[in-house]
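Peer 1: Using the sequences and the accompanying hints, generate a full structural model.
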Amino acid sequence: MSLFTSNPFYELCMKPEAGEDLRQMAGVARRYGYSGVAVPVDTSGVEERLKRESENLPTGLLIARSVELVVKNASQLSRLLHRWWKRSDCLIFRGGSESLNRLGVENHQVDVLASPGKINHVLAKLASENGVAIEFDLGAIIHRRGLRRSETLALYRNNLKLVRKYRAPFILTTNPRNLYDLRAPREMAALSMLFGMTREESVHGLSTVPKEILERHENNFIAEGVRLV
Amino acid sequence: MKILPPTLREKKRYLAVEIMREGRISRERLIRALQDSIRELFGDTGLSETGLRLLHFDGNHAVVRCTPRTVWRTRAGIATITEIDGTKVSLRVIGIGGTVRSVMEKYIEKRNDQTLKREES
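Taken in order, these protein sequences are the chains called A and B. If you read the first sequence in this note's numbering, its first letter stands for residue 1, the second for the next number, and so on. If you read the second sequence in this note's numbering, its first letter stands for residue 230, the second for the next number, and so on.
Hints may be right or wrong, so weigh each one.
Claimed, not checked - Below are the SDA-like pairs computed for lysine to any residue, each with C-alpha atoms no more than 20 Å apart in a straight line: (1) B:K317 x A:N175; (2) A:K15 x A:N178; (3) B:K317 x A:G27; (4) B:K335 x A:F4; (5) B:K335 x A:R31; (6) B:K317 x A:R23; (7) B:K317 x A:H143; (8) A:K15 x B:K317; (9) B:K317 x A:R144; (10) B:K339 x A:G33; (11) B:K317 x A:D21; (12) B:K317 x A:G139; (13) B:K317 x A:F4; (14) A:K15 x B:V318.
Calculated from the structure, these hints are not laboratory results.
Peer 2: Here is the structure:
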């Protein structure tokens, strides 16, 4: 049993485009060895599509509901969190600027800080304390070329260093929009090795952390380590 | 001339690659794409260390040779290919072996048999 055959893998940031067949992507994800994917429910009528296509979706693949939180200030965020926390399996906060990133990692209800850009020690420490996973978007490595790609790799190297130091959770994703954007777990590990991640860490970001996130939203979850039996 | 003794030969690994594609791609274009993507990631020195060869190609599967030390580099190169000749593609390593025959038998012929069976039924 190797690292890649004994763990369940998850792709938490799948975003089927309007015309893109969710069923097809789910089928490919399962074939690639994923145990579950998360698709956004608040945009482009995916919720309806999930309901409509639920019979045709491949079995043996968990399809979780994610919500992407795009906000400008704290009150907007708390309103969205209040609205979606119970109705979704994964809350993805879109960061970017220093103040936005700060807002995201300060809130323990946020599951993932997406596109954070360059993080610093303060953000990493808060992310670790509040259990907010830092996203590594490997899709950027796949699609960018030349100087832009090397800048991205340098950025991820920096983020990885801080994430290691403060033991902050992190996830790996390709933000796939169609079935050609999906990558199998071993390919994800190969890509993350480009910026210095070890195979064990890759599996952590593809399996352990996303699994914890999904479990957090199960109804009998009370707090980290406490569970209603 | 005497042949090169096996102990002096480079060690090799053969990667069985699955190709998901929108349209048709040619063998030559696939080799080019592989070389280019590894070169873009690791440079000329990196590519030279891989000892890259394409040994089998049937449209949906390929067998790629590299050295044991560069398996993960080659894998990263394979993962960053997004299109060949304007055709959207996505490549994935489905298995690794020490001889061409073993990867053909284990990963490629078996899969082709399965697809044949599926088409028949």
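Peer 1: Hint by hint, say whether it matches the structure.
Peer 2: We went through each hint and held it up to the structure:
| no. | hint | result |
| --- | --- | --- |
| 1 | B:K317 x A:N175 | holds, 17 Å |
| 2 | A:K15 x A:N178 | holds, 8 Å |
| 3 | B:K317 x A:G27 | holds, 18 Å |
| 4 | B:K335 x A:F4 | holds, 18 Å |
| 5 | B:K335 x A:R31 | holds, 17 Å |
| 6 | B:K317 x A:R23 | holds, 19 Å |
| 7 | B:K317 x A:H143 | holds, 12 Å |
| 8 | A:K15 x B:K317 | holds, 18 Å |
| 9 | B:K317 x A:R144 | holds, 15 Å |
| 10 | B:K339 x A:G33 | holds, 18 Å |
| 11 | B:K317 x A:D21 | holds, 16 Å |
| 12 | B:K317 x A:G139 | holds, 15 Å |
| 13 | B:K317 x A:F4 | violated, 27 Å |
| 14 | A:K15 x B:V318 | holds, 18 Å |
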